[in-house]
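Student: Sequence:
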Amino acid sequence: MSTAQQLHGVRTKFIEKASKVILDQLMDDLLEDKVLNDGEIEGIKEKYKQRADKARQLIDSVRRKGNIASEMFLI
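According to the UniProt record's numbering, the residues represented by the sequence shown are 1 to 75, in order.
Don't take each hint at face value.
[What the hints assert, rightly or not] Restricting the straight-line Cα-Cα distance to at most 20 Å, the calculated cross-link-like pairs of lysine to any residue (SDA-like) are:
hint: 1; residue 1: K45; residue 2: R11
hint: 2; residue 1: K65; residue 2: L31
hint: 3; residue 1: K65; residue 2: D33
hint: 4; residue 1: K17; residue 2: Q57
hint: 5; residue 1: K45; residue 2: A18
hint: 6; residue 1: K45; residue 2: L31
hint: 7; residue 1: K13; residue 2: Q50
hint: 8; residue 1: K45; residue 2: D60
hint: 9; residue 1: K45; residue 2: I22
hint: 10; residue 1: K34; residue 2: K45
hint: 11; residue 1: K34; residue 2: G9
hint: 12; residue 1: K13; residue 2: L26
hint: 13; residue 1: K65; residue 2: I15
hint: 14; residue 1: K17; residue 2: Q6
hint: 15; residue 1: K13; residue 2: S61
hint: 16; residue 1: K20; residue 2: M1
hint: 17; residue 1: K65; residue 2: M27
hint: 18; residue 1: K34; residue 2: D24
hint: 19; residue 1: K45; residue 2: R64
hint: 20; residue 1: K17; residue 2: K49
hint: 21; residue 1: K47; residue 2: L31
hint: 22; residue 1: K49; residue 2: L26
hint: 23; residue 1: K65; residue 2: I75
hint: 24; residue 1: K65; residue 2: E40
hint: 25; residue 1: K49; residue 2: F14
hint: 26; residue 1: K65; residue 2: V35
hint: 27; residue 1: K17; residue 2: A52
hint: 28; residue 1: K65; residue 2: R11
hint: 29; residue 1: K49; residue 2: I22
hint: 30; residue 1: K34; residue 2: I68
hint: 31; residue 1: K17; residue 2: L7
hint: 32; residue 1: K20; residue 2: I41
hint: 33; residue 1: K65; residue 2: E42
hint: 34; residue 1: K65; residue 2: D28
hint: 35; residue 1: K47; residue 2: S19
hint: 36; residue 1: K49; residue 2: S19
hint: 37; residue 1: K49; residue 2: D28
hint: 38; residue 1: K45; residue 2: V21
hint: 39; residue 1: K20; residue 2: D60
These are computed hints drawn from the structure, not numbers from a lab. What you are looking at is a predicted structure, and each value in this text was computed from that prediction instead of being measured.
Build the full structure now, drawing on both the sequences and the hints.
Tutor: Encoded structure:
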């Protein structure tokens with residue numbers, strides 16, 4: 001099973017459980033690791049106001065970038 005598939009497997013739980021603090025920290029880490037860029041982070045923060053919507057967009061954005069990005073998300 002690829003890492004992107006593993007990430008897809010935890011998607012629902014992540015969306016349900018990730019707090020705003022966790023989402024903000026993940027976005028900072030993914031920006032620092034160059035998985036996501038400033039525009040992608042700002043787009044998520046501005047477009048999605050509900051916590052679950054931000055979590056959904058964040059995990060889907062990373063998963064679409066493939067296995068390396070997905071692995072960095074899971075670490």
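Student: So, for every hint listed, does it hold in this structure?
Tutor: A quick look at each hint next to the structure:
This hinted pair checks out: K45 and R11 have alpha carbons roughly 19 Å apart, not beyond 20 Å. Taking the CA atoms of K65 and L31, the gap is about 14 Å. The hint holds against a cut of 20 Å. A threshold of 20 Å between alpha carbons decides the hint, and for K65 with D33 the separation of about 13 Å falls inside it, so the pair holds. In summary, the hint linking K17 to Q57 is supported, as the alpha carbons are separated by about 14 Å, within the 20 Å threshold.
Taken as a hint, the K45 and A18 pair is honoured in the structure, with Cα atoms around 15 Å apart against an allowance of 20 Å. A hinted pair counts as satisfied when its Cα atoms are at most 20 Å apart, and K45 with L31 qualifies at roughly 13 Å. Simply put, K13 and Q50 have alpha-carbon atoms about 16 Å apart, close enough for the 20 Å limit, and the pair holds. Distance hint between K45 and D60 is fulfilled; the C-alpha atoms sit about 14 Å from each other, no more than 20 Å.
Between K45 and I22 the alpha-carbon distance is near 13 Å, which keeps this suggested pair within the 20 Å criterion. For a cut-off of 20 Å, the pair hint linking K34 to K45 stands: about 17 Å separates their Cα positions. Proximity of K34 to G9 is assessed by CA-CA distance (about 23 Å); at most 20 Å being required, the pair is judged violated. A threshold of 20 Å between alpha carbons decides the hint, and for K13 with L26 the separation of about 16 Å falls inside it, so the pair holds.
Between K65 and I15 the alpha-carbon distance is near 18 Å, which keeps this suggested pair within the 20 Å criterion. For the suggested pair K17 and Q6, the alpha carbons sit about 17 Å apart, so the restraint of at most 20 Å is met. At roughly 16 Å between alpha-carbon atoms, K13 and S61 fall within 20 Å of each other, so this suggested pair holds. With a C-alpha separation of about 29 Å, the suggested pair K20 and M1 falls outside the 20 Å cut-off, and the hint is violated.
Between K65 and M27, the direct Cα distance comes to roughly 15 Å. Compliance with the 20 Å bound is thereby established for this hinted pair. As the CA atoms of K34 and D24 are separated by approximately 15 Å, the hinted pair is consistent with the 20 Å bound. Between K45 and R64 the CA atoms are separated by roughly 18 Å; this keeps the pair inside 20 Å, and the hint holds. For the given pair, K17 sits about 16 Å from K49 by alpha-carbon distance, which is consistent with the 20 Å threshold.
A C-alpha spacing of about 18 Å is found between K47 and L31, which places the hinted pair at or below 20 Å, so the restraint holds. Restraint check: the Cα-Cα separation between K49 and L26 comes to about 17 Å, which is no more than 20 Å; the hinted pair holds. The hinted pair formed by K65 and I75 meets the criterion: a straight-line CA distance of about 16 Å does not exceed 20 Å. Using a Cα cut-off of 20 Å, the hinted pair K65 and E40 holds, with the two alpha carbons roughly 12 Å apart.
Of the supplied pair hints, the one linking K49 and F14 holds, its CA atoms being roughly 17 Å apart against a limit of 20 Å. Taking the CA atoms of K65 and V35, the gap is near 8 Å; set against the 20 Å cutoff, the hint holds. Between the alpha carbons of K17 and A52 the distance comes to roughly 9 Å, so the proposed pair stays at or under 20 Å and holds. In summary, the hint linking K65 to R11 is supported, as the alpha carbons are separated by about 15 Å, within the 20 Å threshold.
Between the alpha carbons of K49 and I22 the distance comes to roughly 15 Å, so the proposed pair stays at or under 20 Å and holds. About 11 Å separates the Cα atoms of K34 and I68, which keeps this hinted pair within 20 Å; it holds. Between K17 and L7 the CA atoms are separated by roughly 14 Å; this keeps the pair inside 20 Å, and the hint holds. Restraint check: the Cα-Cα separation between K20 and I41 comes to about 14 Å, which is no more than 20 Å; the hinted pair holds.
The hinted pair formed by K65 and E42 meets the criterion: a straight-line CA distance of about 17 Å does not exceed 20 Å. Proposed proximity of K65 and D28 is supported: the alpha carbons are some 17 Å apart, at most 20 Å. With a C-alpha separation of about 18 Å, the suggested pair K47 and S19 falls inside the 20 Å cut-off, and the hint holds. Taking the CA atoms of K49 and S19, the gap is near 13 Å; set against the 20 Å cutoff, the hint holds.
The hinted pair formed by K49 and D28 meets the criterion: a straight-line CA distance of about 18 Å does not exceed 20 Å. This hinted pair checks out: K45 and V21 have alpha carbons roughly 13 Å apart, not beyond 20 Å. At roughly 17 Å between alpha-carbon atoms, K20 and D60 fall within 20 Å of each other, so this suggested pair holds.
Of the numbered hints given earlier, the model fails hints 11, 16; all others are met.
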